[in-house]
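With the sequences and hints as input, model every part of the structure.
Each protein sequence line maps, in turn, to chains B and E.
Numbering of the first sequence is given in my numbering, commencing with residue 1 and proceeding in unit increments.
Numbering of the second sequence is given in my numbering, commencing with residue 1 and proceeding in unit increments.
Please keep in mind that the hints were generated in silico from the structure rather than gathered at the bench.
From a predicted model like this one, the values you see are computed outputs, not experimental measurements.
Here a beta-carbon is modelled for each residue, glycine too, at the ideal position from N, C-alpha and C.
Incorrect hints may appear among the rest.
[What the hints assert, rightly or not] Stretch-level coverage of chain B by chain E, calculated; a stretch enters the list once three of its residues show a Cβ under 8 Å from a Cβ in chain E:
hint : segment
1    : 60–72
2    : 86–93
3    : 209–219
[Claimed, not checked] Below, a list of computed lysine-lysine pairs in the DSSO-like style, where the Cα atoms sit at most 30 Å apart:
hint : chain 1 : residue 1 : chain 2 : residue 2
4    : B       : Lys104    : E       : Lys55
5    : E       : Lys173    : B       : Lys111
6    : B       : Lys52     : E       : Lys173
7    : E       : Lys56     : B       : Lys125
8    : B       : Lys133    : E       : Lys108
9    : E       : Lys108    : B       : Lys105
10   : B       : Lys133    : E       : Lys125
11   : B       : Lys125    : E       : Lys173
12   : B       : Lys112    : E       : Lys35
13   : E       : Lys173    : B       : Lys105
14   : E       : Lys137    : E       : Lys173
15   : E       : Lys137    : B       : Lys40
16   : B       : Lys125    : E       : Lys125
17   : B       : Lys142    : E       : Lys56
18   : E       : Lys55     : B       : Lys125
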Amino acid sequence: MADEVVLLDTWVSMFGMRVRVALAEKGVNYDYKEQDLKNKSPLLLEMNPIHKKIPVLIHNGRPICESSIIVQYIDEVWNDQSPFMPSDPYDRAQARFWVDFSDKKIYETWKKMWLSEGEEHEAGKKELISIFKQLEDALGDKIFYGGDSFGFLDIGLIPFSCWFYTFETYGNFKMEAECPKLMAWVKRCFQRKAVSNTLPDDKKVYDFVLAMEKILKNK
Amino acid sequence: MAENDEVIMLDFWLSPYARRVQIALEEKGIKYEIKEEDLPNNKSTLLLQMNPVYKKVPVLIHNGKPICESLVVLEYIDEVWNHKSPSLLPSDPYHRAQARFWADYVDKKIYDNAMKFFKTEGEEKEDGKKGLIEGLKVMEEQVGGDRTYFGGDNIGLVDVILVPLFSWFYVYKFTNNLNFVSQESFPNLFAWAKKCTERDCVSKCTPKEQKVFEHFQQRNLLNSDQ
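Here it is, written out as C-alpha cells:
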C-alpha cells in the first residue's frame, strides 16, 4: 500500500524534530515541507486551523497535530518494528508524564531566560537547569529512558539537545557540568542514525536564535 | 487485573481534574479509595511523596505506585482496565489521535483559561474570559445533532475531561459574573453536560452546585468586575 506521508515543519523546531526522529526510526518515507511561520501557507492553515502551528503530519490526506500525539500515532500505525512505547502500562504512564513535563516546562522556561536580564535571567537559568536535573534523575542508570530500547521519552527529549549550546551560551553554564549523565545519554542517542541524521547542527540553531534576537530587539 | 488491586486517589472535592479520574474509575466499575487532601495549605506527606514534581491532585496510587497528571492517569486506567467498558479511547490510530488532540485542547484552551478567569484579576482575568469563550465556541461545534457525546455514541476521553468544569459553570445561576457561560450561549454544550451528569457514575462525582457556589463566595471569587 502506497502511503502518502507529508510533514509540515520548520528545521529548528524541537517539536518538529521529534516527528522527524520518529519517522526515521520507523524507516517511513515522507515529503518534508519547510514552513514560513511569518507567512503561513494555506496548507498549514487548512490542516491545523485550531492552532496554526507546526509540526503537522498529513497521512493519506488526513492531518495529525501536536508533536507527542503525532509520535504516538506513528508508533501505532507503523507498529511492525521499533516500538516506541514500553510494554508495561505503568512505564508508559511514566514516559507520557515526562514528555508532558518537558512540553510544559522547557520551552517556556527558556523563553524566560532568553531575552531577560538580571534577577529574572538568573531565575530562568536556575529553573532551566533544575528541569534538566529532574529529567536526569528520571533517567537514573538506564541506557535509554525506554530501558534497553530507544523509546517515546527518548524521542521526546533528544531534540532539546541541539538547543543545549544555545541554552549554555545565553545562560553561561555547561550542561556537561550540571547534568553529566544526561549528556552521556545524548551521546548514546547520537549513535543512532535516526538521531544523528535528523537533528540540525547546534551552532546553526544558535545562529538562528541570535538572528531572532536581533530582529526582536530592533522592533 | 487481579481483583485485589489497591487503587487510591489523592483528591480534593472541588478539583475538576480529580473529578475526571473519579468519573473514569466509576464508569469502569473499579473499586477505589479516596484520600481527601486539605488544600491548598496543608498538603499531606503522602501527596508530596507521590507527586514531588507538581505536588498536586489528582494522584492515582495503584498497588503503591503513583501516576500523576489527569490525562496520563486516564490513559493508564484505560490501558490497565481495558477489559472494562467504556473504552475511553477508540481503537483506530487516527481517531485516537483526534481524541488526544481534543483532550489536549480542552486542557490548554478551556481549563487553563477557566482557571485564569476564576483565579486572577484585571487584564489576566479578561484574557482568561476571552480564551474560555473562544474555546467553548469551538467545542460547541463538536457536539450535538447526532453526536451525543464527543466520543460518539458512548462516553469517552474528551467527555470525561470536559464535563467536570461544568459544575463550576453552573455557578452562573447564582451570579451575574458568569452570564457569558450559559445554556443560552452554548446550547449544545449544556445539553451534552446534562446528558453526562444524568449518568449515575458522573452524577456521583459531581459536587453540589450550592457547595461550589459557597466555596467560591467564601474565597471572593465571584466579586463584581473590577
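Tested hints:
| no. | hint | verdict |
| --- | --- | --- |
| 1 | 60–72 | holds (count 7) |
| 2 | 86–93 | holds (count 4) |
| 3 | 209–219 | violated (count 0) |
| 4 | B:Lys104 to E:Lys55 | 15 Å, holds |
| 5 | E:Lys173 to B:Lys111 | 41 Å, violated |
| 6 | B:Lys52 to E:Lys173 | 36 Å, violated |
| 7 | E:Lys56 to B:Lys125 | 24 Å, holds |
| 8 | B:Lys133 to E:Lys108 | 26 Å, holds |
| 9 | E:Lys108 to B:Lys105 | 14 Å, holds |
| 10 | B:Lys133 to E:Lys125 | 34 Å, violated |
| 11 | B:Lys125 to E:Lys173 | 46 Å, violated |
| 12 | B:Lys112 to E:Lys35 | 36 Å, violated |
| 13 | E:Lys173 to B:Lys105 | 37 Å, violated |
| 14 | E:Lys137 to E:Lys173 | 20 Å, holds |
| 15 | E:Lys137 to B:Lys40 | 24 Å, holds |
| 16 | B:Lys125 to E:Lys125 | 29 Å, holds |
| 17 | B:Lys142 to E:Lys56 | 27 Å, holds |
| 18 | E:Lys55 to B:Lys125 | 22 Å, holds |
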